[in-house]
Structure formats: structure tokens, C-alpha cells
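Chains as they are written, first to last, in the numbering used here: chain C, 1 to 112; chain D, 1 to 115.
Just so you know, the hints here were simulated from the structure itself, not pulled from any lab data. A virtual CB, placed ideally from N, CA and C, is assigned to each residue, including glycine. There could be a bad hint or two in this list.
Unchecked claim - Using 20 Å as the maximum straight-line C-alpha spacing, the simulated SDA-like pairs for lysine to any residue come out as follows:
hint: 1; chain 1: C; residue 1: Lys99; chain 2: D; residue 2: Gly16
hint: 2; chain 1: C; residue 1: Lys3; chain 2: C; residue 2: Gly29
hint: 3; chain 1: D; residue 1: Lys66; chain 2: D; residue 2: Gln29
hint: 4; chain 1: C; residue 1: Lys69; chain 2: C; residue 2: Ile39
hint: 5; chain 1: C; residue 1: Lys99; chain 2: D; residue 2: Trp10
hint: 6; chain 1: C; residue 1: Lys3; chain 2: D; residue 2: Leu76
hint: 7; chain 1: D; residue 1: Lys14; chain 2: D; residue 2: Thr80
hint: 8; chain 1: D; residue 1: Lys64; chain 2: D; residue 2: Gly16
hint: 9; chain 1: C; residue 1: Lys3; chain 2: D; residue 2: Met45
hint: 10; chain 1: D; residue 1: Lys41; chain 2: C; residue 2: Thr83
hint: 11; chain 1: C; residue 1: Lys99; chain 2: D; residue 2: Leu76
hint: 12; chain 1: C; residue 1: Lys99; chain 2: D; residue 2: Arg24
hint: 13; chain 1: D; residue 1: Lys41; chain 2: C; residue 2: Ile39
hint: 14; chain 1: D; residue 1: Lys64; chain 2: D; residue 2: Ser89
hint: 15; chain 1: D; residue 1: Lys41; chain 2: D; residue 2: Trp10
As the list claims (entries may be wrong) - To spell it out: a stretch of chain D is covered by chain C in this simulated footprint if at least three of its residues, at any positions, have a beta carbon under 8 Å from a beta carbon of chain C; those stretches are:
hint: 16; region: 44 to 51
hint: 17; region: 106 to 115
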Amino acid sequence: DAKTTQPPSMDCAEGRAANLPCNHSTISGNEYVYWYRQIHSQGPQYIIHGLKNNETNEMASLIITEDRKSSTLILPHATLRDTAVYYCIVRVAGFRDDKIIFGKGTRLHILP
Amino acid sequence: GAVVSQHPSWVICKSGTSVKIECRSLDFQATTMFWYRQFPKQSLMLMATSNEGSKATYEQGVEKDKFLINHASLTLSTLTVTSAHPEDSSFYICRATGQGANEQFFGPGTRLTVL
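Using the sequences provided together with the hints, build the complete structure.
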């Protein structure tokens, strides 16, 4: 079973920041928070991951609470191409052979 | 960067026929391949895990005799849907992992439609 909880859907206006929440209250000490997204009829795409510090890359920022029980993915300036299903997953980083178990994710609609 | 490809990208077949889907790692050696399927409006569901040169390990509820997985080389894994039926119509996605921590990629998916 997925170890995360996400809202089923969210809307965001184009050009605004999209903030996607995720709860992972049972996360273990050696598990990282990963985010993937899946654009319609494509394979999942890696976005970002983190352990306890906030992380930023060219795609997004990841804010993890101090108790690590929840996190927020931030797309700073959402575009129509960011419309996708976003999956928050907890897993051990760098462990190549772990099974990535997907939950239901959040369907993000970017509104023009 | 590293890429994982799938072939075909889509396929339509008649009920009762078998369909083979290929997953290739293009510039790294994929020691482990994972196969997922995704029904419309649903999340990805893991079907099986295969290590190069070994038999695949199937998730509970997945019929190993119906979904044949071969991982005979470090760059190719195949999923064969035998005697396909309309309920097997789905989006099939592979994930390949290599020796490097960053060598983990999903394929673009194969849409199977069984008439």
C-alpha cells in the first residue's frame, strides 16, 4: 500500500505557484520523499526528492516539515504543460531495486 | 541523458492473440526491470520485477503464465501478454534501473487495446 496521502485534484491558475501537499506520517528515518509526475499517456517523470532539508531544482522546490510527516511540492510558475498527475512517494534513496508503489496522486489542472 | 524506450508505443490486437512489448535501456545496463500496468483513470500498479538472467518475481494476483517476462540481456526486457482478452487492455510501463544511483528511468509506456 502507498504510504502517502494526497488530495485527489487541484486547480491552479497559469503563471501562479502550484503548491501540492502530501502527508507521510509513517515515514521511516531512512526514507526519502520523492515526487514524480505523469502527463497523460506518458511514463512517470522524476521531479525531485529530499530527506529533511528543503530542496530546489530547475523544475520545482520541495518543502519538508521538521517532523518529516508532510511535505509540499512547489511549482513556482505553473504553465499549461504542468497539467499532470503528481505522485508523492516515500522510498529509500539510491536503492535501485526497490519497488516504487504508486498511490492515487493529485491531478493538477492548470487553468489558462 | 539515459533513456528507456518501449516498443511498440501502441498496439491493437484481436482477442486470443499474444502481444510482446519490449523495454530497452539505451545507454546504461539495466540490471533490474519493473513492469507496471495502468488502467484508465487509475494509478500505476506493479506487476513484476525481473533481474537480468533470473526469473521474474510477480506481485500477488498477477498471473505469471499469462504475463511472460524475459530479461535475457542487460538492455532488454520483454513482456508478453499471452492469449490477450479485452480486460488486458491497459497502459503498460516499464522502469529500468542500473548500477548507478541515478540510473532509474521509466519508459514512455505501451498502450494495448484488445478487441
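Evaluated hints:
1. Lys99/C x Gly16/D: violated (31 Å)
2. Lys3/C x Gly29/C: Holds, at about 14 Å.
3. Lys66/D x Gln29/D: violated (27 Å)
4. Lys69/C x Ile39/C: violated (27 Å)
5. Lys99/C x Trp10/D: It is violated: about 25 Å lies between the C-alpha atoms, which goes past 20 Å.
6. Lys3/C x Leu76/D: Given that 20 Å is the threshold and the Cα spacing comes to 31 Å, the pair is violated.
7. Lys14/D x Thr80/D: holds (15 Å)
8. Lys64/D x Gly16/D: holds (17 Å)
9. Lys3/C x Met45/D: With a Cα-Cα distance of about 15 Å, the restraint between Lys3/C and Met45/D holds, given a limit of 20 Å.
10. Lys41/D x Thr83/C: Holds - the C-alpha atoms of Thr83/C and Lys41/D are around 15 Å apart, at most 20 Å.
11. Lys99/C x Leu76/D: holds (19 Å)
12. Lys99/C x Arg24/D: holds (19 Å)
13. Lys41/D x Ile39/C: holds (12 Å)
14. Lys64/D x Ser89/D: holds (17 Å)
15. Lys41/D x Trp10/D: This hinted pair holds, its Cα atoms lying about 18 Å apart.
16. 44 to 51: Coverage by chain C holds for the region 44 to 51 of chain D (5 residues, Cβ < 8 Å).
17. 106 to 115: holds (count 5)
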